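Novice: So the chains spell out like this:
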Amino acid sequence: MTLHVNSTLPKRLGVILSLLAAGLLSSLGYSATASTAVTTTDVSSAGQWQQTLEQAAGETVYWHAWGGDGRTNDFITWVGDQTEALYDVKVKHVKLSSTAEAVTQVIAEKAAGENTNGAVDMIWINGPNFLAMKQQELLHGPFVNQLPNSKYLDLSTNSAASVDFTEAVAGLEVPWRLARFVFLVDSKRVKQVPLSMAQMLIWAQENPGRLTHPVISNFMGTTFLKQALIELTPDPSVLQQPATEQSFALATAPLWRWYDAIKPHLWRAGKSFPENEAIQQQMLSDGEVDIAMAFDPAAAAAGIASGLLPTSARVFVPSQGTLGNISFVAIPYNASHTAGSKVVANFLLQPETQAHMQNIDVLGSFSVLDPNKLDAQQAQVFAALPSSEALPTLVDLGPTLLEPHASWTTKLKQHWSQRYSQ
Amino acid sequence: MSFSSWPKWLMLTALAIGILVPVLVGLGETIWAAFGILPALGRHTFSFSAWQQLFELPGLVTSLRLSLVSGFGATLVSLILALFGSAWVYNTSVKESFLSKVKPFVQAILVPILAAPHAAIAIGLAFLLAPSGWLARLFSPWLTAWELPPNLATVQDLWGLSLMLGLIIKELPFLWLVSLVALKQIDVSRQLTLAQSMGYSHTVAWCKIIVPQLYPLIRLPVFVVLVYALSTVDMAQMLGPNNPPTLALATMRWYNDTNVQLLLPASAASILLGILIAASVLLWEVAVRTAILTSKVMIRSGDRTGKYSIFTGVLTTALPITVILGLLSLLVLALWSITWRWSFPNALPTSWSYHYWLQLITHVPLALQHSLIVALMSSGLALTLAVAWLEVQDRFGGHLYKLTLWFIYLPLLVPQIAFLYGLKVGFLRLGLNGSMMTVMWAHLLFVFPYTMLSLVDSWRALDKRYLQVAASLGRSSWHCFWHIKISLLLRPLLLAWAIGIAVSISQYLPTLMIGAGRVESLTVEAVSLASGADRRLVGVYGLLQALVPLLAYSFALLLPRLVALKK
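Chains as they are written, first to last, in our numbering: chain A, 1 to 422; chain B, 1001 to 1567.
Worth flagging that the hints you see were computed from the coordinates, not collected in a lab. Careful, some of the hints might be misleading.
Now the stretches of chain A that chain B is said to cover, found in silico as 3 or more residues with beta-carbon under 8 angstroms [claimed, not checked]:
#, stretch
1, 178-186
2, 295-305
Computed spacing ranges between beta-carbons, pair by pair [stated by the list, open to error]:
#, chain 1, residue 1, chain 2, residue 2, range
3, B, His1479, A, Asn115, 51 to 59 angstroms
4, A, Lys373, B, Phe1048, 49 to 57 angstroms
5, A, Gln246, B, Phe1048, 34 to 42 angstroms
Negatives, chain A to chain B, calculated, CB over 12 angstroms [stated by the list, open to error]:
#, residue
6, Thr60
7, His64
8, Gln82
9, Ala85
10, Val193
11, Gly209
12, Ser237
13, Pro242
14, Phe248
15, Pro254
16, Gln377
17, Ala384
18, Gly398
19, Thr410
Being a predicted model, the structure only gives us computed values, none of them experimental. For every residue, glycine included, the Cβ atom is placed at its ideal position computed from N, Cα and C.
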């Protein structure tokens, strides 16, 4: 049980060299990616990629990812089986109960001066965790353009795949799974769903105790607040800028009025909240509440398939659209198996992999690829996927609302607990 | 330092390197961070801002209150219930009833609750008591007319009462079993018969004669319960209120916040939690001593019957209810583990499935194997260390005794998450990370104090006259050690070992953080799955997690009987 069974000296050197190169690239590349669109894959990459494949062969990638969802866990196992067969790269899923555990791990390694043989090879990450790691310079890259399959992505400036919660991705993380904020109901119990956050207030007044949201320290709780904020605030474009005391007070005033009005009608009179969205969905299944939330359009269909939700569970979204973001994978700056991680990340972008993932019997998560960049045969694979009554189409989901700048999340959490925690 | 006392110095050095240094290194990082120094985040200057930030956090006072109420409440109630339960076991005058038939099986009934992980009991109990839970389902809608669950705070109530109940259910079996084991060292039956012949009722005799002898023997296990109750995260998550939550859960949330700068106030919070725990232990001790002083008058009053009837009436009801709730929590999890769907208000699952048990066959073998190896090694090593330390103290005297004990217990007084980060940094600097040995070492830091706690009082209480007699008959000190101490203390030794196994199996953070994800374990699997709150999976893993300690406890309780039979 030692750390690096098959690390040899030349390989280590290679890692160090590639780290140095990446450091150079990143110092040159940050400003470039922020201003200009990067749409083409590096030309010299064919040879480089071959080298990565050779380096990766025999490696085991420790993929740190939230382990609370059985279907995702099974998908990750499947990915590992595939990459082992195709590239001789094994994947070990390190199951986390919170992504912060992996971030803390890397911080601890940095503190101890462990700058090359880190234990985390790849992290399932996005939003605030990504921002934290980017700001603390804990990430390897930019490397997205080194992956041959990045050609299937729309990486133009401000495309969904190049901005993560308003923060430029800058080639430091690879998208693999689309997330959309959706509400869940039991269609047997609820016939009329609220189609805006303003209507949600009226619905709550008419159905006291049947609505709640996860605790605000949980990201789903803050997402609920952000959804309301975007719909209620006079000028949503302000939310794309970092929040100042002044802009925050101005933009959130209608939100707090709305929340003050809705709180007494929430489950347990708004004094207690479910710990996370999984528990909230369980409450929906138990009949304790009528509305639950998820960051996955396939949540209802997946919940039905795994017996966690009643067959009458359905997804609905406010008519103005909902918040959307993308799940990424990133590689820590000190990862032991950088090459292997790139091979796995590249495999995740394979059209066949994305189609397999989008299959409702597997995960039901929408593909991150740009449909316009797929050839007819590849597009056909997606078109042939089985459908489910509980699975909305992209059209049903309406427009995607952009995540506010991460500073709004932090401030929302602070102000919410100042107002409503005693 | 005389040459002859070298074993003592050897032990001291071993303990210092094995236990004290890692803990201090771990604590060091946390203390630095609490005072603004965390170089990995670019924070290099000493400041009190983390503390200021902590004290400005809304709801801090409520969090403190919640921790104290549930911590002290749970400890006090489970102690009283355990003392009452032990009295009942020794009460031969109770008239024949169903309960008295259960008496010989008390240990067998308690062991499953003792062996089950805290989180499993918490999830089971939450499902039992929730407005949509099993109890409500059993009586709905035919009796309650509830087609939908009512909006009542039967769990996660704002006062933390359901959290307290969960803690009592889990800790009562521990204190009860520890008491029963300790009572073997007191000549209970003869003293009770004597007292009763002098006209004392059973209850009065128990309170006035047995309890004063028993309490010193279980004092440290009581501290364990108090410390656990104050620092629990998983039970608080399932059963406690969450806006704001208990201090321990709040600290955990700050540590896991996406805003990494919160690591600083989180470190301050964990120091605060450590102080709170130490102060609570002291406060408890002071309260107990005051109680002893004031009760001496009562004990000497000569009152033989006492006006205890209401009190015993309440306890007679509360004791079986507590135990039954614990067993039902486990039963309901077992039911869930073979469920596919079970919706309100059906009294039983609507569709069944063994899917998750089947899945185990592919998922678990490696995790189970790692968990077993680490548990067996760390508990064995902890027991050896504990016995060696106590024996060395016996032979060479111990003026450092009390001080060392505090250091040994240090890992229990500080919230795990706080000192593990520092420990991890320390291990990394030494190039030790992610191996089974390192994980075992980290487990040892927690297994050892628990082993010591459950052993030390019984060891100290061993009647020294046996040893003096043996020595006067010319027996060597090794002979005394093997044939008197070990054989007389077989029960507490085995129980301490089994507790060690249970502690090791249940370690989540040390396995994940120190193992760097390289060492799989049952609990790491179970906890990450539990964050998804799928009761069926929690059922399967909870039962599986309970299985290993269950075997260890059964072994610990059965072996002395077999030995006795043989003799």
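Novice: Of the hints given before, which are not true for this structure?
Specialist: 1, 2, 5, 6, 7, 11 and 19
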